[in-house]
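Protein chains in written order, with the numbering used here: chain A, 1 to 484; chain B, 1001 to 1111; chain C, 2001 to 2615.
Incorrect hints may appear among the rest.
[Stated by the list, open to error] Distance ranges between label pairs, derived from CB positions:
1. B:Q1003 <-> A:V455: 52 to 58 Å
2. A:A43 <-> B:I1007: 46 to 52 Å
3. A:D430 <-> C:N2028: 18 to 24 Å
4. A:G61 <-> B:N1060: 22 to 28 Å
5. B:Q1099 <-> A:G449: 38 to 44 Å
Quick caveat, the hints were computed from the structure, so don't treat them as lab data.
Positions of the beta carbon are idealized from the N, C-alpha and C atoms, including for glycine.
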Amino acid sequence: MALDILKNPVLLIAVPLLLAFLAVFLKKIDKALLWIAAVANAASAVLLAVVYQGMTVVELGGFKPPFGISLVLDEYSLIGVVVLNVLFALILLLSGKLVKQYATVLLVALAALNGIILTGDLFNLFVFLEIAAIAAYIFTAMDKGFKHSFNYLVVGTLGSGLYLFGIILLYNIFGSLNMFDIRAQLQAIGGAGAETLTLPLVMIFTGLSVEAKLMPFGGWVKGVLHKANSLVGTMIVSGYALAVLLAVGRLMDTVFQMTDAVLIAFTAVAVGTLIFAEASAFSKKNLREILLFSSVAQAGLVVLLFLYGLTVPAVLVLVNNVVSKFVLFTVAGRLAHALETDDIGELKGVFVKVPLVGVGFTVAVMSLIGLPLFFGFVAKINALVGLFNAGNVWLPLIILVMAVVEGAYFVRILTTLWNTGEEGEVSSRDNLKAFNLDGMKGLGVVSVGIAIVIVALGILPVLNIKQFFSVDFMTFVQQLLGGM
Amino acid sequence: MIQYVSIALMLVGIYGLLTQKNVIKLIVSLNIFEVGINVFIISVGYVSGGIAPILTSQNNTSALLYVDPLPQALVLTSIVIGVGVTALALAFARRMHKQYGTYNLDEMEGE
Amino acid sequence: MNFQLSVSLVIAGLFAASVLAWLLTKLNKALGAWVTVVASAAALTMMALLHGEIGSTVNLFFLQFTLTEYGWFFSVIMLAVFACVSFFNIYWMPKLIHPAAYNMLYLLALTGTLGAFSARDFITLFIFWELIVWASMFIIPFGKSRKASVTYYAFSAFGSLSMLYGILFLYHKFGSFEISSVLQQAAGDPTAAIVAFVTIGIAGLIKLGVFPFHIWLPQAHGNAPEPFSPILSGGLVKAGGFAAFLIVAVMPSYKAFSTNIEFLGRQLTMPLPNYALAILGAVSIVVGTLMAISQNDFKKLIAYSSVANAGYIIIGLAMAGGLSTGGALMHIFAHAIASAAAFLAAAAVVHRTGTTKMNELGGLIHRMPLTYLVYLIAIISMAGIPPMAGFISKWMLFQSMMGRGMAFIAAAAFFGSIGSFLYVFRPLSAVFLGQLSTKHRYVKEAPPLMMFPMILLSLASVVFGVFPNWVLRIISQVQTSVGLEGLTLEGTKIIASNGAIDPTLIVIIFGLGFLIAMIIFLRFPKSRKVPLMDQYTASEFIWTPELLHYATDFYAPFERLYQKAPRTETLYRTIVHKVSELGAFASYAFYSFKPGTVLLWVAIVVVAMLGGSVL
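Model the full structure from these sequences, guided by the hints.
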């Protein structure tokens, strides 16, 4: 009986929110409350995954949708919730010292991010987006970056305003704010009249793209993240990216009924993001800037996949990106904090001193690029096969060309960080700079742990390659887990 | 009619955001934008000839013509969020002034 | 799990060995290096024994491997090179920055090549192909250059991702990944054939180092740590030959494309795409030769020579006849051995003297005679002079070029051969002949464990030059297995349409000539020795004696002819620069610290998306 209460996904939102309110009053123990919430959420999410039996719709307040707000827990949001909460706990584990007085804000952010993933109602999504955004405005100002946070605030509020405008137009047309209800109505009219949806869809897409960091809407990202510490960086690049992009996917699946012109417009934005962001990352010399542009590019790729209905590959690519970026940004932030610089040229040979961290970083990078024997390869293959099956031959070409660019700058990072010496000098331990790097053991252990998971997830499908290509990935995982 | 006003307000707000350099003016423009949106939302719920959606001792059946109450609830939420964001923005403005000595974005140098 | 000898066992074993090498190197560096030696030697013997298993399919946890004749041939060459080179790992352990990673990645690269050559379906091929790339990409920066690894990765990734595009395109069309069946189906479908040819062809060309994708070769091979250069040059580029073989022989391209083309009133003898390959090969030969002649660093010189030889291989494969493919495959074999031996000799020199700059060395024949001999044999084989194996393959290639009437390509090939005399002689005379520099007075000969593989490889070059039919019989089998005609071999003779050669006879005549030259040399008066640096400068002090070393600007008059010619590197550097500029522009234009700029872009894009439909 008690277990039934624990199986309710509302707890994922309610517990952190409640503890946030408590933390306002009980300032002395706010960090402890944050930890409790993170662990409880992670455990609850895993529990939900274990006992998952099928789509669950939780009606808040007992009002049936579309009159009330509903939370939807299907396979899609389940993956999101598990990854988000586990990542949040890990972020806290590795960057916990940086929290200082922002515990309350982080609790609110945790609640809001879970809400974004779980909700089935458009306005509820708006509210959670705003809450998460406000929390982000606050904690991104952590290291005195007020100007950048203000920039983020203005752009973000405008984006949310446009999103709100869009959903009100939808309400005007359909009389409902529930995503699934709108989808049912759209299926009933069978695709006619999609032109009227152009304005609301463009508004909604724009609003979400601001938060999802697509170009050129995400112009706030460079300011906010280029000097971010490991806590802020990972929260935005892993936590927020995951939640917002999953919301985008959910909306594209349910509400978006696009005419060809609109589809082309959105594709152009996504492809433009991919190309420009990869080129930008290629031109940079600072580790955090490279990583933030790489995140933007991956966001563009994920949105592109969602646009063409390839939900499963998009989720795989997204999860791969988010997990890898978590490792990468934590390492980058910690290195920058310890060494006062994140210019790659200054960091030559740094991994010789912290090899565990280096291995974790390297595996994460290789998974991000999509090299075989790592999870990223599985995700990329799925995406490309899906695009070909959708009849598209030019998009895979663009994606693969950009993958070369991406690989080039990441390999540049890896080879510089593992080796010493100028060009023309043999790399050796003799000319290693004396880096002052203490306290990285925990980071090393966690990153190697994640690396092992990435490799395991990369090898398992490869070993069952025929099965892997003949069935849907979800069925494949179920069969695999069932067989074990 | 009112919808055109609200769109005009939104456009004024956006214009302000695009052209103003003073932080306080940016916040004001943001507020104008939000007001525009809120007015638009309420106008969506309007039903001609409808009355306020409250059951009183005189209007005590649900068969009468009410305006749509849902957008009004949405607007309340939106106003509150707007207030919160404005407060935060003003706090940022204050901190920026302490850090850079000016309220003008162009004069704030450094990273 | 049954332990029957099979390809999957070899591959699984190598995976395990790479992890073992890593662990053991952490304990004791030399022990870890010995693991690589033992593992590659064991894999070589097992692969040799597996000749009987050709055609059967085995599984490694559902990855499927099939050993084909050509796969076996390529694998044995690769394994021979890896096994011989692995002896050098032992001596390089103290010099490397990450010895444990090196040993592990060494064996992983080997696993990758074996997996790629025995793959049954394209996905397995791609996975192991990429494994080769990322294993070697980490080793190259242990040497002299980090940028070389980025260039290597960028080119390799372009090739493998192009191949991936082709693979997925074919999967979408034919619903299967199995290599031989998909390629044969592609031969029947023009669009699929072109896509497959171009994408897989690009992958092969890049890996082989054919113009215009050759610039990574000298950077990577020249700057990699010394024991890994022979692997890159003698081993891994042959994977490119494998990919080219797939499209030319397995597909095969002459079935896929029309051979009935008229050009300037004459009938072409090959399909157009094959012609494109042959032309690229011809340009490769010329470019490689010319660049090799102007090099001062002898590792880079050998690397450019590999570019030229890659041109020969591609021409032979493109012609897709019996003799030409045989020539190409023989050249792959001969070049692998010779290139590996040359780089190993270079490594031995570096081990003893610490430098690869030719104008700092000299006279090492007095102190390292065996190394000199190894290098001499290797470089003679690469130039195609009898009695080495390289001559046989070049003869076969020339024969087929003349037989088809491809005059211009033959002219390029002849130019390459003659030019190779030039670049062959320079390192030989600069490094080994001439006078011993005083700082190398006490240099010792290379240690015995290094001499062992070097002598082995040189013996192979010589023996297979005198008795090439031992290898050619196997090559003939490879050709007939994919449907090409085999070679006509009679005893020790090789018979072609224009004539036949008997290598044994050639060797005997060559030996006689050598004897006569030696008698003349011993009989007649010798020259007087003058110290090299004894220069007369009218009592001025020489600040830069290296410039007066006769190896500096050795071929200056010839080099001046093409010094001003545009280089391919400039093209690639421009491309990289443009991408960087695009990125910097995007970062500047779209990203800003002020809300106004960002919102301006938002407004512009929103209006563009709405496109007037709302207004």
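Against the structure, the hints:
1. B:Q1003 and A:V455 have their C-beta atoms about 57 Å apart, which keeps the hinted 52 to 58 Å range intact.
2. One distance hint, 46 to 52 Å for the beta-carbon pair A:A43 and B:I1007, holds here, with the actual separation near 48 Å.
3. For A:D430 and C:N2028, the Cβ-Cβ distance of about 21 Å falls inside the hinted range of 18 to 24 Å, so the restraint holds.
4. Checked against the given bound of 22 to 28 Å, the beta carbons of A:G61 and B:N1060, roughly 24 Å apart, stay inside it.
5. Taken as a hint, the range 38 to 44 Å holds for the pair B:Q1099 and A:G449, whose Cβ atoms sit roughly 40 Å apart.
The structure is consistent with each of the numbered hints, conforming to all of them.
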